[in-house]
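Engineer: Residue strings, one per chain:
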Amino acid sequence: MANMRTMSFDAVIVGGGGSGMRAALQLSQSGYKTAVITKVFPTRSHTVSAQGGITCAIASDDPNDQWQWHMYDTIKGSDYIGDQEAIEYMCQTGPEAIFELEHMGLPFSRTEEGRIYQRPFGGQSKDFGNGGQAARTCAAADRTGHALLHTLYQGNLKSETTFLNEWYAVDIVKNEDNAVVGVVAIDIETGETVYVKSKATVFATGGAGRIYASTTNAHICTGDGVGMALRAGFPVQDIEMWQFHPTGIHGAGTLVTEGCRGEGGYLINKDGERFMERYAPNAKDLAGRDVVARSMVLEILEGRGCGPDGDHVYLKLDHLGEETLNAKLPGILELSRTFAHADPVVEPIPVVPTCHYMMGGIPTNVDGQALTIDAEGNDQVIEGFYACGEAACVSVHGANRLGGNSLLDLVVFGRASGMFIEKQLREGINLKDASEADIERAMTGLNRINNSSDGEQASVLRAELQTIMQNYFGVFRRGDFMKQGIEKLNALRPRIENVALDDKSNAFNTARIEALELQNLFATAEATAIAAEGRTESRGAHAREDFQERDDENWLCHSVYFPGSKTLGKRGVNFNLKTREAFEPKIRTY
Amino acid sequence: MLNVSIYRYNPEVDSEPYMQDYQVDTQGKDVMVLDVLEKLKVEDPSLSFRRSCREGVCGSDGLNISGKNGLACITPLSSAVKGNKLVIRPLPGLPVIRDLVIDMSQFYAQYEKIQPYMINNSPAPAIERLQSPEERAKLDGLYECILCACCSTACPSFWWNPEKFIGPSGLLQAYRFLADSRDTATEERLANLDDPFSVFRCHGIMNCVQVCPKGLNPTKAIGHIRNMLVRSAT
Amino acid sequence: MITTVTSLGRSGLSDWLVQRVSAFVMTAYLVFIVGYLIANPDLNYSQWATLNSSLPMRMFSLLTMVSIAAHAWIGMWCVLTDYITERLIGPKATAIRIFFQLGMIAVTMLYVIWAIDILWGI
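Listed in order, the protein sequences are those of chains A, B and C. Here the first sequence is numbered in our numbering, starting from 1 and rising by one per residue. Here the second sequence is numbered in our numbering, starting from 591 and rising by one per residue. Here the third sequence is numbered in our numbering, starting from 825 and rising by one per residue.
Read the hints as simulated data drawn from the structure, not as lab findings. Glycine residues also receive a C-beta, built at the ideal position from the N, C-alpha and C atoms. It cannot be assumed that every hint is accurate.
[Unchecked claim] Simulated DEER-style distance windows between Cβ atoms:
#, chain 1, residue 1, chain 2, residue 2, range
1, A, D343, C, P915, 47 to 57 Å
2, A, N3, C, E910, 28 to 38 Å
3, A, G132, B, I709, 36 to 46 Å
4, B, I709, A, A491, 55 to 65 Å
5, B, P666, A, E176, 15 to 25 Å
6, A, G569, B, I709, 15 to 25 Å
7, A, G569, B, Y608, 51 to 61 Å
8, C, I922, A, D343, 52 to 62 Å
9, A, D343, B, K675, 27 to 37 Å
10, C, L934, B, E602, 38 to 48 Å
11, A, D454, B, S605, 25 to 35 Å
12, B, P666, C, A847, 42 to 52 Å
[What the hints assert, rightly or not] Think about it this way: if two alpha-carbon atoms lie no more than 27 Å apart in a straight line, the pair counts; the simulated DSSO-like pairs of lysine-lysine are:
#, chain 1, residue 1, chain 2, residue 2
13, B, K658, B, K631
14, A, K33, B, K703
15, A, K270, B, K619
16, A, K126, A, K578
17, A, K423, A, K284
18, B, K629, A, K504
19, A, K158, B, K703
20, A, K504, B, K810
21, B, K728, B, K703
22, A, K488, B, K728
23, A, K197, A, K423
24, B, K703, B, K672
25, A, K270, A, K284
26, B, K728, A, K158
27, A, K488, B, K629
[To be verified] Sample of chain B residues with no beta-carbon within 12 Å of chain C, all distances over it, derived:
#, residue
28, E606
29, Y608
30, G673
31, D785
32, S822
Please model the complete structure; the sequences and the hints are all you need to start from.
Structural biologist: Have a look at this one:
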C-alpha cells in the first residue's frame with residue numbers, strides 16, 4: 001500500500017459521541033495532537049438522542065445526598081456483576097465531571113435556588129435502599145443528551161481538536177507485538193483510504209442496537225468498535241446483556257424517556273390497571289428497567305395488552321397537566337405527536353419494550369485500557385488500545401444499566417481515558433511502527449467488499465439478521481430457541497461475508513459503508529448469541545425461561561467471548577471498593 | 591403507488607444532475623419521507639443520503655421536500671405529497687457532493703465564527719455556576735438547534751453571501767450565548783457581529799422561521815441581537 | 825469575495841440606524857407636504873415660494889434630500905452586493921459592481937447638488 005496516505009496523531013479517538021468527545025477534549029486541552037474519527041458530523045452521534053438526564057449525586061434536590069447511595073443503587077441495579085471499583089470511581093468522580101460540563105455551558109434546567117434540576121429515575125434510592133425514592137438525575141428538560149453533546153462539541157472547537165468528520169474506521173492496525181497502532185479509515189466524501197497512525201487509539205464507537213429489528217437506537221449504532229475489536233482477535237465481555245427499554249413508542253421504536261415516569265407518569269394495561277404495583281410494590285413504575293420491561297411483556301403475553309392486537313401497553317401522562325408536560329417533557333410531547341399520533345396531554349402513549357443499550361463491550365480497566373485475558377485467566381492490557389462509553393465494558397452497568405447512568409459513564413470514563421493517556425504520553429509511549437503487511441491486513445475486509453462480484457444486498461441481509469436476533473435473543477430467552485438462532489446465524493454468516501457492492505464509486509458511497517457496518521452488526525450479534533446461550537442463569541437483562549433463577553455459585557462473574565475460538569470464558573467481578581467493604585449480592589427486589 | 595422524483599448526481603458518472611422517477615408502494619400508510627428513502631435504497635443502493643437518529647434530533651436528514659426544507663424523518667407524506675407526487679432535492683444553496691448529500695462546510699464555518707462556546711474567565715466555583723430558572727428560561731428556543739441547516743439554506747441572504755452573512759442558524763446560536771447569564775464575553779461577541787454583513791444582511795424574510803423543524807425562531811433572535819447592538823452603541 | 829470597503833458607514837449598525845433615521849425623515853417630510861397641501865386647497869405660487877424660501881423649510885428639504893441620498897446609497901449597496909457578486913455572475917462581478925456603484929455615487933451627488941441649487945436658488 002505504498003500509495004496509501006498516512007496521518008499521524010498522538011491520540012486518535014474513533015467515535016464523536018459523548019465519550020469520544022470527552023476524551024478528545026481532555027487530550028486536546030493538554031496540547032496533544034488529537035483527532036476524532038467520526039462517521040457522522042459529531043452532533044449527529046447517538047448521544048444526541050438521550051433524553052432524561054445524567055444521574056449523579058450533586059446534592060441539589062437533596063442536600064444530604066451521597067455518592068455512596070448512588071453507588072449502592074448502581075451495584076444493585078447491575079445485579080451484582082458490575083465492577084465495584086469502577087462504579088465507586090464513577091459515582092465519586094461524577095459530580096466533578098458534571099460541574100465541568102456546567103462550566104462549559106451545558107444548559108441544565110434549574111431549581112429555584114439556581115442549582116441543577118434533578119428528577120427521580122428508576123432504581124434510585126436514598127440511604128442504601130432504606131430511605132425511599134431519590135431524585136438524582138440531572139436534566140436539561142428532556143433534551144439532556146442533545147445539550148451534552150453540543151456542549152462537548154463546542155468545547156472541542158474551543159480547544160481545537162482535529163475532526164475527521166464523515167470518516168469511517170474500517171479496521172484496527174496492529175504491529176508485530178499485537179499492540180494497536182491506529183486504524184485504517186475511509187474519508188466517506190472522497191472514498192480515500194488512509195492509515196491513521198496513533199500512539200493511543202480510543203474506541204468510543206457506541207452501541208449496536210441495530211442488531212435488533214426493534215430498537216430505540218439510531219441507524220448508525222452498528223457496533224463498529226465491537227466488530228473491529230473482534231476481527232482483531234480481542235475479546236468482548238458480558239455481550240449477552242442487552243437492555244430493553246420499557247418505553248419505546250409502539251411501531252416506531254423511538255424512545256420515551258424514563259423521566260416521564262420520574263415526573264409521575266405510569267404504565268397501564270388494557271383494563272386501565274397500574275400493573276407495576278403488582279410486580280414492584282415499592283418502586284412501582286420506577287423499578288429497574290429489566291424488571292419493568294419483563295413485567296410489560298408478561299402483561300402482553302397474558303392477554304392484558306392494549307390496542308387491536310393487544311401488543312403494547314400505555315404510558316399515562318395526562319394527569320400531570322399540560323403546564324408540567326410543556327416545561328419538563330416538551331420533547332416527548334413532540335415525539336409522541338409525531339410518531340404515535342397521540343397527544344400525551346389528553347391521551348396515553350402506546351409503548352413496548354424496545355432494544356436500547358448494550359451493557360457489554362470491550363473490557364477495560366478504570367483508565368480505559370482495553371483488556372484481554374491470557375491463558376492463565378489473568379487480565380492483560382492491550383498496548384495502545386483504549387475504549388470508553390457504550391462500546392466499552394468497564395463495567396459499571398453489569399447485567400442491567402440504571403437510567404441516567406449512561407451519560408455519566410460517557411463523561412466520567414471519557415475523561416478518565418483522556419487523563420490516563422495524557423499521563424502516558426507525558427511519560428512517553430513507544431510502540432513499534434506497523435509494517436506494510438500489518439496495514440494490508442487491516443484492509444482485508446474492505447478489499448473483499450470492494451472486489452465483490454455477486455452476493456446479496458446489505459439491506460436484505462441486515463433485515464434477516466435483525467429478525468433472527470429479535471425472535472431468538474429478545475427479552476425472554478430459552479436454550480433450545482437460542483441454539484436454533486445460532487444455527488440460523490451460522491447459515492447467514494457466509495452470505496453476509498459475501499455481501500454485494502454493485503456500486504463501486506468513491507464519492508459519498510453509503511452503500512459501501514452499509515456493507516462494512518453489516519459485518520460489524522453480524523460480529524456483535526454472533527457474540528451476543530453465543531454468550532446468551534452460554535450464560536445458564538437469569539440475571540438482570542438476561543432472562544431465561546429454562547434457567548429462571550440467578551446462579552451466584554456459577555455465574556457471579558463476567559462472561560468473556562473469544563472470537564478466535566468462538567467460545568465463552570469467565571472473568572471475576574471486581575469487588576475491591578477503596579472506601580468501604582464490598583456490597584455482597586442480595587436478592588434484588590424493588 | 592406513490593410517484594417519487596429524486597435529485598440524482600454522482601460526480602464520477604454524471605456530467606450533470608438529473609431527476610430520477612421512482613414508484614413506491616407505501617400501502618396507503620402515512621409514513622415519513624425518510625421511510626420512503628430507506629425503501630428506495632433497498633431497491634437502488636446507489637442512492638445516497640444522510641440519516642442517523644430517525645426521530646428529528648440529530649439533524650442529519652435536512653432535505654428540500656416538495657419545495658420546502660425539512661427533516662425527512664419527521665415529515666409525514668401527508669404534509670409533503672402533492673397530487674400523489676413527492677419531490678426530493680438536496681437543501682438548496684450549498685454545493686452537492688452526491689445525490690441528496692450536500693457539502694455543509696460553509697454552514698459549519700459560520701457556526702464556528704460566532705465562537706459557539708461558553709466564555710467565562712472568572713475562576714469556576716467548586717459546584718455549578720448558579721442560574722435562576724428565569725435566566726435559564728432565556729435559553730429556551732435557542733439551545734435546541736440541531737444544526738440541520740434547513741433554515742440557513744432557505745435564506746436568500748445566505749444564498750447570496752454565505753461567506754459573510756452568518757445565517758439564521760449561526761445567529762440563533764450567537765444569541766444563545768449572548769443570552770446566557772453565565773457568559774461574560776457579551777461585548778466581544780457583539781463587536782464581532784457589528785459589520786454590515788454578519789447580522790445586518792438579515793432582511794426579515796423569515797423563511798427560517800417557516801421551515802425550522804424544531805419550531806425555533808431565528809428572526810426573533812436576530813432582532814434581539816440588533817437591539818443589543820443598538821443598546822451597546824448608545 | 826465582497827469587502828466592506830465601499831460601505832457607507834463604519835459598521836452594519838450605523839448603516840442600519842441611518843436607514844431607519846432617514847426613513848423617518850422622509851416619512852415626516854412626506855406627511856408635512858401632503859398635510860400642507862390638504863390644509864391649503866387654494867395654494868398659489870407666492871405661498872409656495874414663501875414656504876420654501878424660509879430657512880427651516882430649506883433645512884428640512886435639504887435634510888430630506890440627504891436622507892434620500894443616504895437611504896438610496898445604502899439600499900443600493902445592499903442590492904448590488906447581494907446580486908452582482910462573483911458567486912452569481914462570475915469573475916467580472918467586481919468590475920461591474922464598482923461601475924454601478926460609481927454610477928450611483930455620481931447620480932446621488934448630482935441630485936444633492938441640484939437640490940441645493942434649487943433650494944437656495946429660489
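Engineer: Could you run down the list of hints and mark each one as holding or not?
Structural biologist: Verification of the supplied hints:
Evaluation of the 47 to 57 Å hint for D343 of chain A and P915 of chain C yields a pass: the beta carbon distance comes to about 56 Å. Between N3 of chain A and E910 of chain C the C-beta distance comes to about 36 Å, which sits within the given range of 28 to 38 Å. In this structure the hint that G132 of chain A and I709 of chain B lie 36 to 46 Å apart at CB holds, the actual value being about 42 Å. Checked against the hint of 55 to 65 Å, the C-beta distance between I709 of chain B and A491 of chain A comes to roughly 58 Å, which is consistent with it.
Checked against the hint of 15 to 25 Å, the pair P666 of chain B and E176 of chain A fails, with Cβ atoms roughly 56 Å apart. In this structure, G569 of chain A and I709 of chain B break the distance hint of 15 to 25 Å, their C-beta atoms being roughly 51 Å apart. Take G569 of chain A and Y608 of chain B: their Cβ atoms lie about 56 Å apart, and the range 51 to 61 Å holds. Against the hinted window of 52 to 62 Å, the Cβ-Cβ separation of I922 of chain C and D343 of chain A comes to about 58 Å, which satisfies the hint.
Remark: the range hint 27 to 37 Å for D343 of chain A to K675 of chain B is upheld by a beta-carbon distance near 30 Å. Hint check: L934 of chain C to E602 of chain B, Cβ distance near 56 Å, so the stated range 38 to 48 Å is violated. As the Cβ distance of D454 of chain A to S605 of chain B is approximately 30 Å, the hint placing it in 25 to 35 Å holds. At about 44 Å, the CB distance of P666 of chain B to A847 of chain C agrees with the hint of 42 to 52 Å.
For the proposed pair K658 of chain B and K631 of chain B, the alpha carbon gap of about 22 Å is at most 27 Å, so the pair holds. With a C-alpha separation of about 22 Å, the suggested pairing of K33 of chain A with K703 of chain B holds against the 27 Å cut-off. Of the supplied pair hints, the one linking K270 of chain A and K619 of chain B holds, its CA atoms being roughly 25 Å apart against a limit of 27 Å. Between K126 of chain A and K578 of chain A, the direct Cα distance comes to roughly 21 Å. Compliance with the 27 Å bound is thereby established for this hinted pair.
Between K423 of chain A and K284 of chain A, the direct Cα distance comes to roughly 46 Å. Violation of the 27 Å bound is thereby established for this hinted pair. Our distance criterion of 27 Å between C-alpha atoms is met by K629 of chain B and K504 of chain A, whose separation comes to about 21 Å. Of the pairs offered as hints, the one joining K158 of chain A and K703 of chain B holds, with about 11 Å between alpha carbons and a cut-off of 27 Å not exceeded. A hinted pair counts as satisfied when its Cα atoms are at most 27 Å apart, and K504 of chain A with K810 of chain B does not qualify at roughly 47 Å.
Our distance criterion of 27 Å between C-alpha atoms is met by K728 of chain B and K703 of chain B, whose separation comes to about 22 Å. Among the hinted pairs, K488 of chain A with K728 of chain B is inconsistent with the structure: their alpha-carbon atoms are about 55 Å apart, more than 27 Å. This hinted pair checks out: K197 of chain A and K423 of chain A have alpha carbons roughly 19 Å apart, not beyond 27 Å. Among the hinted pairs, K703 of chain B with K672 of chain B is inconsistent with the structure: their alpha-carbon atoms are about 39 Å apart, more than 27 Å.
For the given pair, K270 of chain A sits about 18 Å from K284 of chain A by alpha-carbon distance, which is consistent with the 27 Å threshold. Restraint check for K728 of chain B and K158 of chain A: satisfied, since their Cα atoms lie roughly 23 Å apart, inside the 27 Å limit. Distance restraint check for K488 of chain A and K629 of chain B: the Cα-Cα separation of roughly 25 Å lies within the 27 Å cut-off, and the hinted pair is therefore satisfied. At the 12 Å boundary, the C-beta of E606 of chain B stays outside the reach of chain C, the nearest C-beta of that chain being 18 Å off.
Its beta-carbon lying about 23 Å from the closest one in chain C, Y608 of chain B satisfies the requirement of being farther than 12 Å from that chain. Taking the minimum C-beta to C-beta distance to chain C, about 33 Å, the non-interface status of G673 of chain B holds against the 12 Å cut. Chain C draws D785 of chain B into its interface by the beta-carbon criterion, the shortest separation being 5 Å against a cut-off of 12 Å. With a least CB separation of 9 Å from chain C, S822 of chain B falls inside the 12 Å interface cut-off, contrary to its annotation.
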